[in-house]
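Chains as they are written, first to last, in our numbering: chain A, 60 to 312; chain B, 60 to 312.
None of these hints come from the bench; they were simulated from the model.
Given the structure is predicted, the values throughout are model-derived calculations rather than measurements.
Be a bit skeptical, because a hint or two may be false.
Since copy identity is lost for identical chains, a pair holds within one copy or between any two.
[Said to hold, decoys possible] The list that follows gives simulated cross-link-like pairs (lysine-lysine, DSBU-like), each with its CA atoms no further than 35 Å apart: (1) K309 to K144; (2) K295 to K165; (3) K225 to K128; (4) K295 to K103; (5) K222 to K128; (6) K103 to K278; (7) K144 to K278.
Protein chains: 2
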Amino acid sequence: MRNLRFTISYDGTAYSGFQIQPNADTIQYRLEQAVHMLTGETVKVVSSGRTDAGVHAKAQVINFITTSKIPVERWCLALNSRLPKDIVAHTAEEVPLSFHSRKAAKRKTYCFTIRTARFPDVFHRNYEYHHPTHLNVEAMREALPCLLGEHDFTSFCTVRTDKEVKVRTLYEARLEAEIDDLSLNGGISRLRLYVTGNGFLYNMVRIIAGTLLQIGEGKRASSDMQRILEAQDRSKAGPTAEAMGLMLWKVEY
Amino acid sequence: MRNLRFTISYDGTAYSGFQIQPNADTIQYRLEQAVHMLTGETVKVVSSGRTDAGVHAKAQVINFITTSKIPVERWCLALNSRLPKDIVAHTAEEVPLSFHSRKAAKRKTYCFTIRTARFPDVFHRNYEYHHPTHLNVEAMREALPCLLGEHDFTSFCTVRTDKEVKVRTLYEARLEAEIDDLSLNGGISRLRLYVTGNGFLYNMVRIIAGTLLQIGEGKRASSDMQRILEAQDRSKAGPTAEAMGLMLWKVEY
Chain A
60 MRNLRFTISY DGTAYSGFQI QPNADTIQYR LEQAVHMLTG ETVKVVSSGR TDAGVHAKAQ
120 VINFITTSKI PVERWCLALN SRLPKDIVAH TAEEVPLSFH SRKAAKRKTY CFTIRTARFP
180 DVFHRNYEYH HPTHLNVEAM REALPCLLGE HDFTSFCTVR TDKEVKVRTL YEARLEAEID
240 DLSLNGGISR LRLYVTGNGF LYNMVRIIAG TLLQIGEGKR ASSDMQRILE AQDRSKAGPT
300 AEAMGLMLWK VEY
Chain B
60 MRNLRFTISY DGTAYSGFQI QPNADTIQYR LEQAVHMLTG ETVKVVSSGR TDAGVHAKAQ
120 VINFITTSKI PVERWCLALN SRLPKDIVAH TAEEVPLSFH SRKAAKRKTY CFTIRTARFP
180 DVFHRNYEYH HPTHLNVEAM REALPCLLGE HDFTSFCTVR TDKEVKVRTL YEARLEAEID
240 DLSLNGGISR LRLYVTGNGF LYNMVRIIAG TLLQIGEGKR ASSDMQRILE AQDRSKAGPT
300 AEAMGLMLWK VEY
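Isolated chain A, as found in the complex (with noise of 0.2 Å):
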């Protein structure tokens, strides 16, 4: 028996996200089905978290346990050639039996990206939320310090969760501004909010991006974040950020 070790990305805007569920495509489905095709094996894929229908991964890590005696270094082509195109594996290494890609992980970084020229990028359509009109970028920025550090999330984490404690650490929360000569006026064209922590709640980032978009709108002052979180109250934060805009971005070990 051997613990294999992948870092994938994927493309998830076809998916109903990571986690195997009745009639429904998967990315869980889609790479338990490519082991069976290279090995007729029944494998359980683990991976360091779910991810939500629409969202994508930059730098996933997954791992399953499996009796083949493939080398690992024919691993990813022999997978990438039985999985669709929008999901690929990059790196393949052997590990511990013990290892477990949730329970090991340590930090991991979302990215939710905000498309802010006037119209759409043709070519990210599928990869980042589109908010064309002002957003004031400094007082979003103001809002982040306060999530950082250990605190109870519960304003953060949808009402539809079975995790009882929601105490979670933020190590970091920074926004950067990308100019880009696609849009062609010249300015910010995209923001990128890096989140990085020890955890996440169900929907955190996207309500975290959700009540930072309201803040940049002017709908609520940098300040209210802080009171946000205080409430431990989900009815105080602002709406959960469209999936198509978030992408796991890295996972520590």
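Given the coordinates of chain A, work out where chain B should sit on it, guided by the hints.
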């Protein structure tokens, strides 16, 4: 009557090229259909040049004559809401009635992108040609300068063409290497061939790219490029590189 000029971008993946043709979905058809939905008029959309099936445009220039009185600043939004999501108008301006986006074009730049990392970049999979084996970038670069200036480019033109004069002037031909952390392996993950000229023959950039790839693979010497150019014989050049890697980058007037 007014002449309106637009900069548009499109993802060519789903289209049989720019130009209208029977029983095929084309960019021109979609543009003319959008104008018809907006104004009721049947216009003829002129572009800076046709792009082939599967070829993309970052900044194509088009124009058409309309009797509509819709203010110019409203046109992009109005068209975009009537266009499929893979075609986007970015800028609009009113130009003299005599302006013709193909005849007036002074310089056009195309970009051909080669993904050189071991595996595809899932988010750019439709916009670059994947070539995972070694390429000699220096040899490729040495082959380019001989193309600059005014030449008969018959060797780099498909035999299926009706253009009799095959003389064109290239102003620039450069190969840029990109490092992308998506490759996860370090090193060059992407090569971009930018070619600027006063005009291009049918398939010209794709045949130059196909020949350049053979030079990078060591199947031909850098000096072959000059010999191929001088032969004025399509059969001497390399294959036509895949359309998906090509993008109309810029048109200058």
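Evaluation of the provided hints:
Taking CA atoms no more than 35 Å apart as the test, K309 paired with K144 passes in both settings, with 21 Å inside one copy and 29 Å between copies. Taking the shortest Cα distances, K295 and K165 sit within 35 Å of each other inside one copy (29 Å), while across copies they are farther apart (57 Å). With identical chains, the CA atoms of K225 and K128 are never at most 35 Å apart, being 41 Å at best within one copy and 57 Å at best between copies. For a Cα distance limit of 35 Å, the shortest separation of K295 from K103 qualifies neither inside one copy, at 38 Å, nor across copies, at 53 Å.
Taking the shortest Cα distances, K222 and K128 never come within 35 Å of each other, neither inside one copy (38 Å) nor across copies (58 Å). Within a single copy, K103 and K278 get their C-alpha atoms no closer than 45 Å, and across copies no closer than 45 Å, so neither meets the 35 Å cut-off. In this assembly of identical chains, K144 and K278 lie within 35 Å of each other by CA distance solely across copies; the values are 29 Å between and 41 Å within a copy.
Consistency note: the structure conflicts with the earlier hints numbered 3, 4, 5 and 6.
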